[in-house]
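Asks: Generate coordinates for the entire structure from the input sequences, incorporating the hints supplied.
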Amino acid sequence: MSFEAAESGFSVVAMSTHPRSGEISPEGAAAYFDEIDAELAVRQAFEDLPGSPPLNRSYSKHTKVFLCVDTCERGQEARQTPLGQALEFVGVADEARSFALVRHGEAVANQRVTIYSDRGEHTAAVTDERGVVRVDPSFSGVVLLSAIWITAPDEPSGVYHSDQATLTVLIPTS
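The opening residue of the sequence shown carries number 2 in this note's numbering; numbering runs sequentially from there.
If you are wondering where the hints come from, they were derived from the structure by calculation, not from laboratory data.
Everything numeric in this text was worked out from a predicted model, so none of it was measured.
Mixed in with the good hints there might be a few duds.
Pairwise CB distance ranges (calculated) [claimed, not checked]:
no. : residue 1 : residue 2 : range
1   : 41        : 156       : 50 to 60 Å
2   : 8         : 111       : 16 to 26 Å
3   : 53        : 108       : 31 to 41 Å
4   : 95        : 15        : 36 to 46 Å
5   : 173       : 45        : 37 to 47 Å
6   : 130       : 38        : 45 to 55 Å
7   : 73        : 51        : 51 to 61 Å
8   : 51        : 6         : 47 to 57 Å
Backbone N, C-alpha and C define an ideal beta-carbon position, used for all residues, glycine too.
Replies: Shown next, in the form of structure tokens:
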């Protein structure tokens with residue numbers, strides 16, 4: 002993927018993958034649910050299945066990058082505008098370190114978000130009741146936020162779908 006700016010200012014670059022699917026062995030399902038911090042109801046639906054079936058799953062990845070081209074004086078409102086991805090981060094007005102997680106346009110409260118620095122550090126945070134997560138002041142420079150939402154199927158033996166949202170952003174030092 003490449004990006005060529007037509008003018009200076011703030012830009013958003015985003016991309017979503019088509020769903021991919023596959024099976025996870027019954028032995029690997031618990032580790033997968035732990036890795037994505039799946040809700041208890043999702044785990045229980047799978048664990049209640051008779052026998053030892055594989056976990057049928059699909060997933061899509063949604064990534065977004067906030068960029069400043071020469072200057073960020075113009076276009077900052079794009080930072081706060083959802084693009085329509087199934088799961089995505091958007092900026093919070095006048096809060097450079099705060100981001101809302103939205104799913105189909107609605108705020109996602111109490112969701113785990115992992116925050117990574119460009120120095121190899123990471124930490125876990127949780128969105129508040131407004132779906133907002135604030136990046137700790139110890140993280141600055143290029144930062145990546147990541148969250149995963151898994152949806153249980155209508156029938157427990159169906160396909161468990163997960164969406165992963167990431168946002169890469171340059172956060173100034175406090």
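Asks: Output the indices of the hints that this structure fails to meet, ascending.
Replies: Checked against the structure, the hints that fail are numbers 1, 2, 4 and 6, while the rest are satisfied.
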